[in-house]
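One line per chain: the protein sequences are A and B, in this order.
Per this note's numbering: the first sequence = residues 1 to 112.
Per this note's numbering: the second sequence = residues 1001 to 1143.
By construction, these hints were calculated from the structure, which means they are not laboratory data.
No experiment lies behind these values; they were computed from the predicted model shown.
Check the hints yourself; a few may be wrong.
[Stated by the list, open to error] Far from chain B, some chain A residues (derived; all Cβ distances over 10 Å): (1) Gln2; (2) Val13; (3) Ser19; (4) Asp21; (5) Ala22; (6) Glu34; (7) Ser54; (8) Ser55; (9) Ala56; (10) Leu58; (11) Pro83; (12) Ile96; (13) Phe110; (14) Gly112.
[What the hints assert, rightly or not] Facing chain B, according to a computed beta carbon distance under 10 Å, are these residues of chain A, among others: (15) Gly49; (16) Leu90; (17) Thr94; (18) Tyr100; (19) Ala101; (20) Ser105.
By construction, the Cβ of each residue, glycine as well, lies at the ideal position given by its N, Cα and C atoms.
Here's the letter readout for the chains.
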Amino acid sequence: MQITTARHAHVTVVAVAGSIDALTADTLTARFGEEVLSGNPRLVADFEGVEYTSSAGLRVLLAAVKAARQQGGDLRLAAVRAPVLRVLELSGFTSILKCYADVPSAVASFLG
Amino acid sequence: MTAAPPLRARHLPAVRREDLAGVRAFVAEACRAAGGCPAACEALVLAADEVCANVVLHAYPSAAPGPLTVAVARVGDDLLVTATDAGPPFDPTRLPPVAEPRTLEERSPGGLGWHLVRQVVDAVRYERLAHGNRVTLVRRAGG
């Protein structure tokens, strides 16, 4: 799994590539946690490069969205691929996380 | 019923988190070879990953990892994936079902994995062995 972070004026985009599982989840949890603790609670997770997630990825997203919202921000998903979206839907996560077709839409959603 | 193709198995003498990607690749390939449709293969890869991650994280101390054997077989119309460990007794079929929480605050990180497993496969079976556990995931091979 690779993580690339890009800070915009009001939003931080965390682009993830690869597989999220019990091995890689902790690294991603730490990345989101660092952003929230650094005063960047408005987060977009760019999942275009995520080909697979297990429940470990769900736990990452759950912790991150809770932390972000507690600090007045949010975590929003962009460009989620079909297999990952199925896992989110099966777990009911699409009702608590906002998903956007691409990164620009997700970034723009924070400006409205 | 057609004859079952030879059973494929992968044995890991000391399973670690680093092995999970290899387990997924093995299950994907073995399920394809056994005639599983893409949806069945995807479901069994996810379910097997959840079961094996549970073994890595909970069956053994992190400083003393133990064995895990993953096997794939075709029985009639079904694909079977078994995960056999040497850990203390743990029967996932006796876990209470997870109620679907409606709000973020009600959501707990616990139980997400087994909740997923139960949704993507047709059956989960459990056997307590003399020195371990065997979990069998059953999924129709086609459709």
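Minimum Cβ distance from Ile96(A) to chain B greater than 10 Å, as the annotation requires: violated (5 Å)
Interface hint for Tyr100(A), Cβ within 10 Å of any Cβ on chain B: violated (18 Å)
Non-interface label on Ala56(A), tested against every C-beta of chain B at 10 Å: violated (7 Å)
Phe110(A) and chain B, when compared Cβ to Cβ, separated by more than 10 Å: holds (18 Å)
Interface hint status, Leu90(A) versus chain B (Cβ within 10 Å): Nearest chain B Cβ about 5 Å off; hint holds.
10 Å cut-off, C-beta based - Ser19(A) kept clear of every residue in chain B: violated (6 Å)
Distal placement of Gly112(A) relative to chain B, Cβ over 10 Å: holds (21 Å)
Exclusion check [Leu58(A) not at the chain B interface, CB over 10 Å]: violated (5 Å)
Satisfaction of the Gly49(A) interface hint, Cβ to chain B closer than 10 Å: It is violated, given that the least Cβ distance between Gly49(A) and chain B is near 16 Å, above 10 Å.
Interface exclusion of Ser54(A) relative to chain B, criterion Cβ beyond 10 Å: Per Cβ check, Ser54(A) is inside 10 Å of chain B; nearest 5 Å; violated.
Chain B contact restraint for Ser105(A) - C-beta distance below 10 Å: violated (22 Å)
Non-interface claim for Pro83(A) versus chain B (Cβ beyond 10 Å): The claim breaks: Pro83(A) does not keep its Cβ more than 10 Å from every Cβ of chain B (closest is about 6 Å).
Hint compliance for this structure: hints 3, 4, 5, 7, 8, 9, 10, 11, 12, 15, 17, 18, 19, 20 are broken, all remaining hints hold.
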